[in-house]
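Engineer: Residues per chain, in single letters:
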Amino acid sequence: MHASESLTARERAVWQRLDRVTDPELDEPLTDLGFVEAVRVEKETVTVSFRLPTYWCSPNFAFLMAEGIRREVAVLPWVRTVRVHLEDHMCAEEMNAAVNDGRSFAEALALREEGGDLAEVREIFHRKAFQRRQESVLVALRALGHGPAELAAFTLGALDRIRFEDPEARRQQGRYREILGERGLAEAPGDPAFPDPDGVPLTEAGFKERMSALRAVRINMEFGGALCRGLKQSRYKEVVSVDGEPTLVDFMLDRVPPRSAAG
Amino acid sequence: MYRTPDGKEIFVIDGHIHYWDGSPENHRNVHGKQFIDCFYAYHTNLSPESERWEKSKFVKYGPEDVYRDLFIEGPDDMAIIQSTHLRDFFNTGFNPIERNVTVAAKYPDRFIVNGACDPRDGEKALEYIHFLKETYDIKGIKFYTAEWNGDSKGYRMDEPAAYKCLELCEKLGIRNVHLHKGPTIIPLSKDAFDVHDVDYAATDFQGLNFIVEHCGLPRLDDFCWIAVQETNVYGGLAVAMPFIHARPRYFGEVIAELLFWLGPDKLLFGSDYAIWTPRWLVEKFWAYQIPEDIAAERGVQLTDEIKEKILGLNAAALYGIDVPSQRAKLAASPVSIAAE
Numbered sequence: 001m002h003a004s005e006s007l008t009a010r011e012r013a014v015w016q017r018l019d020r021v022t023d024p025e026l027d028e029p030l031t032d033l034g035f036v037e038a039v040r041v042e043k044e045t046v047t048v049s050f051r052l053p054t055y056w057c058s059p060n061f062a063f064l065m066a067e068g069i070r071r072e073v074a075v076l077p078w079v080r081t082v083r084v085h086l087e088d089h090m091c092a093e094e095m096n097a098a099v100n101d102g103r104s105f106a107e108a109l110a111l112r113e114e115g116g117d118l119a120e121v122r123e124i125f126h127r128k129a130f131q132r133r134q135e136s137v138l139v140a141l142r143a144l145g146h147g148p149a150e151l152a153a154f155t156l157g158a159l160d161r162i163r164f165e166d167p168e169a170r171r172q173q174g175r176y177r178e179i180l181g182e183r184g185l186a187e188a189p190g191d192p193a194f195p196d197p198d199g200v201p202l203t204e205a206g207f208k209e210r211m212s213a214l215r216a217v218r219i220n221m222e223f224g225g226a227l228c229r230g231l232k233q234s235r236y237k238e239v240v241s242v243d244g245e246p247t248l249v250d251f252m253l254d255r256v257p258p259r260s261a262a263g
Numbered sequence: 001m002y003r004t005p006d007g008k009e010i011f012v013i014d015g016h017i018h019y020w021d022g023s024p025e026n027h028r029n030v031h032g033k034q035f036i037d038c039f040y041a042y043h044t045n046l047s048p049e050s051e052r053w054e055k056s057k058f059v060k061y062g063p064e065d066v067y068r069d070l071f072i073e074g075p076d077d078m079a080i081i082q083s084t085h086l087r088d089f090f091n092t093g094f095n096p097i098e099r100n101v102t103v104a105a106k107y108p109d110r111f112i113v114n115g116a117c118d119p120r121d122g123e124k125a126l127e128y129i130h131f132l133k134e135t136y137d138i139k140g141i142k143f144y145t146a147e148w149n150g151d152s153k154g155y156r157m158d159e160p161a162a163y164k165c166l167e168l169c170e171k172l173g174i175r176n177v178h179l180h181k182g183p184t185i186i187p188l189s190k191d192a193f194d195v196h197d198v199d200y201a202a203t204d205f206q207g208l209n210f211i212v213e214h215c216g217l218p219r220l221d222d223f224c225w226i227a228v229q230e231t232n233v234y235g236g237l238a239v240a241m242p243f244i245h246a247r248p249r250y251f252g253e254v255i256a257e258l259l260f261w262l263g264p265d266k267l268l269f270g271s272d273y274a275i276w277t278p279r280w281l282v283e284k285f286w287a288y289q290i291p292e293d294i295a296a297e298r299g300v301q302l303t304d305e306i307k308e309k310i311l312g313l314n315a316a317a318l319y320g321i322d323v324p325s326q327r328a329k330l331a332a333s334p335v336s337i338a339a340e
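Quick mapping for you: the protein sequence lines, in order, are chains G and S. Using my numbering, the final residue of the first sequence is 263, and nothing's skipped along the way. Using my numbering, the final residue of the second sequence is 340, and nothing's skipped along the way.
Please note that a few of the clues may not be correct.
Taking lysine to any residue and the SDA-like style, the derived pairs with C-alpha atoms no more than 20 Å apart in a straight line are [claimed, not checked]:
1. G:128 / S:225
2. G:128 / S:221
3. G:208 / S:292
4. G:208 / S:32
5. G:208 / S:295
6. S:33 / G:103
7. G:43 / G:80
8. G:208 / G:224
9. G:208 / S:194
10. G:128 / S:250
11. G:208 / S:33
12. G:208 / S:297
13. G:208 / S:298
14. G:208 / S:294
15. S:33 / G:92
16. S:55 / G:233
17. G:128 / S:196
18. G:208 / S:293
19. G:208 / S:299
20. G:208 / S:296
21. S:164 / S:147
22. S:33 / G:233
23. S:284 / S:261
24. G:208 / S:260
25. S:133 / S:32
26. S:33 / G:93
27. S:55 / G:80
28. S:33 / G:87
29. G:208 / S:55
30. G:128 / S:60
Quick caveat, the hints were computed from the structure, so don't treat them as lab data.
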């Protein structure tokens with residue numbers, strides 16, 4: 001989606017790091033959501049500008065995304081300085097200053113008195129991301145014909161031997177494996193593949209209830225996802241091409257037809 | 001009145017509408033502009049293309065527009081106006097009750113106008129509730145728990161100040177408490193979409209009905225859980241409704257969850273006019289069936305009887321509207337378009 005041919009190797013490397021930053025509420029990469037507006041590389045300094053679907057989007061999530069951008073881009077060995085720039089947001093000024101100085105969210109918005117600690121929010125949404133990824137893997141396995149008893153007995157090793165043909169299922173499998181590891185819920189090949197977020201294994205008897213709980217998580221997250229994608233596009237509607245040439249935003253929104261089609 | 005394709009007449013109460021002034025002249029600051037821009041993005045993004053308005057009409061429309069869109073071109077019989085003040089953003093407020101009562105006075109028997117208040121105003125909030133009851137005889141009131149007020153970034157319905165307001169509402173017979181628990185708008189450090197405060201308030205105020213606007217989306221599971229425990233908790237479908245067009249399967253999943261947990265008597269239709277207009281929403285809703293696999297999973301389906309409840313009968317019960325006599329009253333003063 002950001003496959004502009006004019007990208008330098010360094011810009012490309014930054015975009016690849018940005019693929020790893022998710023919106024905590026939606027568990028989807030910022031780059032897929034089209035939130036990242038521009039990447040500028042000047043020698044060893046990287047500036048990333050991002051814009052959310054509305055001026056009112058939760059400051060807590062905005063801050064987590066800004067932190068994520070900083071963290072992921074800083075991993076590149078040649079990067080000395082990362083500057084993150086949140087645009088057109090009600091808290092943009094305070095937040096940009098704080099993130100770029102490495103201060104906390106509480107310091108950014110002077111929330112100490114109400115305990116403005118994002119650890120709790122981060123954990124709530126990490127659990128939800130885990131559940132959503134788990135549901136998509138379970139649904140994909142059911143579509144292959146695996147029943148509740150079999151899924152309850154599934155080990156990590158068995159999951160790793162599955163080769164989905166559907167690319168989306170394959171992607172979710174990888175993402176689920178990753179978050180299983182992050183939460184330390186399954187590591188050895190013999191570990192149950194489908195624990196709940198607290199580590200309680202899936203059982204055949206509990207299968208229906210588990211799927212019901214996971215569905216509820218997905219319904220909530222999809223609501224946000226559908227709304228945010230749409231609102232973001234509406235918000236970008238004001239953006240028009242300059243002199244008939246598509247801008248980076250056009251590339252991000254897939255508004256640029258493939259060259260062959262454009263003739 | 002909505003007439004179904006087979007000729008049945010359905011009484012429609014639109015549970016959530018606005019009569020706002022979001023025009024540039026009324027913006028107090030950039031927040032006012034951003035607020036109406038955000039609403040407009042909701043509008044353009046989830047409305048079918050044929051139903052989209054020009055921005056200039058969207059930011060400010062007249063009483064004739066409301067009347068035509070809801071009652072002449074639209075299928076509504078009545079509508080509940082939810083007052084929203086936002087005086088920090090708009091010079092004369094966004095859709096304050098003073099503005100809302102003007103359209104209600106112009107078209108009698110059509111509107112239920114609800115008040116709004118902020119418990120953080122303390123004694124002033126209580127005085128204001130008295131004023132609302134005496135001046136406008138309100139039957140319902142809206143609380144916007146994620147609203148900022150000075151240094152405060154929101155409040156909960158189980159705080160002492162909110163309880164004082166609820167006690168007074170109960171005493172004065174303002175029985176319907178609408179809570180904005182939904183998307184948008186500035187929750188801060190906490191998960192401010194949280195709906196658990198409603199659980200406490202609903203338990204402690206059995207004489208009040210709590211209508212959770214937007215069904216707590218995106219916290220539908222928590223909302224369903226609470227609504228199962230508390231018999232006086234209802235779900236307002238505003239904002240969930242337009243997904244019927246943009247994401248019909250997803251709409252089916254949401255409705256199936258709500259019907260499974262809450263049953264058909266606790267859900268209220270709402271267009272959120274002027275973000276969306278009611279005609280296409282009601283037409284699509286009447287034609288809608290929950291996809292079979294989802295319906296089978298949850299053992300529920302949207303029957304005509306259930307749709308009729310959601311579209312009007314449930315709200316009529318909450319607001320003490322006697323449907324046959326209201327129908328007769330409205331039939332006696334048929335809709336008419338003012339000279340335009």
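Engineer: Just to be careful, I want the Cα atoms of residue 133 of chain S and residue 32 of chain S compared with a cutoff of 20 Å; is the pair within it?
Structural biologist: Violated - the C-alpha atoms of residue 32 of chain S and residue 133 of chain S are around 29 Å apart, more than 20 Å.
Engineer: With the threshold set at 20 Å, check whether the alpha-carbon distance from residue 128 of chain G to residue 60 of chain S stays at or below it.
Structural biologist: Given pair residue 128 of chain G, residue 60 of chain S is violated - Cα atoms ~40 Å apart, limit 20 Å.
Engineer: Check whether the Cα positions of residue 208 of chain G and residue 296 of chain S lie no farther apart than 20 Å.
Structural biologist: holds, 13 Å
Engineer: Is it true that the CA of residue 208 of chain G sits at most 20 Å from the CA of residue 55 of chain S?
Structural biologist: Status violated; Cα separation ~47 Å.
Engineer: Has the given pair, residue 128 of chain G with residue 250 of chain S, been kept, meaning a C-alpha gap of at most 20 Å?
Structural biologist: Satisfied, since the Cα-Cα distance of roughly 18 Å is no more than 20 Å.
Engineer: Holds or violated: are the alpha carbons of residue 208 of chain G and residue 224 of chain G at most 20 Å from each other?
Structural biologist: Status violated; Cα separation ~25 Å.
Engineer: With the threshold set at 20 Å, check whether the alpha-carbon distance from residue 164 of chain S to residue 147 of chain S stays at or below it.
Structural biologist: Holds. Residue 164 of chain S to residue 147 of chain S sits at ~18 Å (cutoff 20 Å).
Engineer: Taking only the CA atoms, is the gap from residue 208 of chain G to residue 32 of chain S under or equal to 20 Å?
Structural biologist: violated, 47 Å
Engineer: Would you mind confirming whether the straight-line C-alpha gap from residue 208 of chain G to residue 299 of chain S stays at or under 20 Å?
Structural biologist: At roughly 14 Å apart (the allowed maximum being 20 Å), residue 299 of chain S and residue 208 of chain G satisfy the hint.
Engineer: Going straight from one Cα to the other, do residue 33 of chain S and residue 87 of chain G come out at no more than 20 Å?
Structural biologist: Cα-Cα ~16 Å, so holds.
Engineer: Just to be careful, I want the Cα atoms of residue 55 of chain S and residue 233 of chain G compared with a cutoff of 20 Å; is the pair within it?
Structural biologist: holds, 16 Å
Engineer: Checking one constraint from the list: CA of residue 208 of chain G to CA of residue 298 of chain S, max 20 Å. Satisfied?
Structural biologist: holds, 11 Å
This entry does not satisfy hints 4, 6, 8, 9, 11, 23, 25, 27, 29 and 30, going by the numbered hints stated previously.
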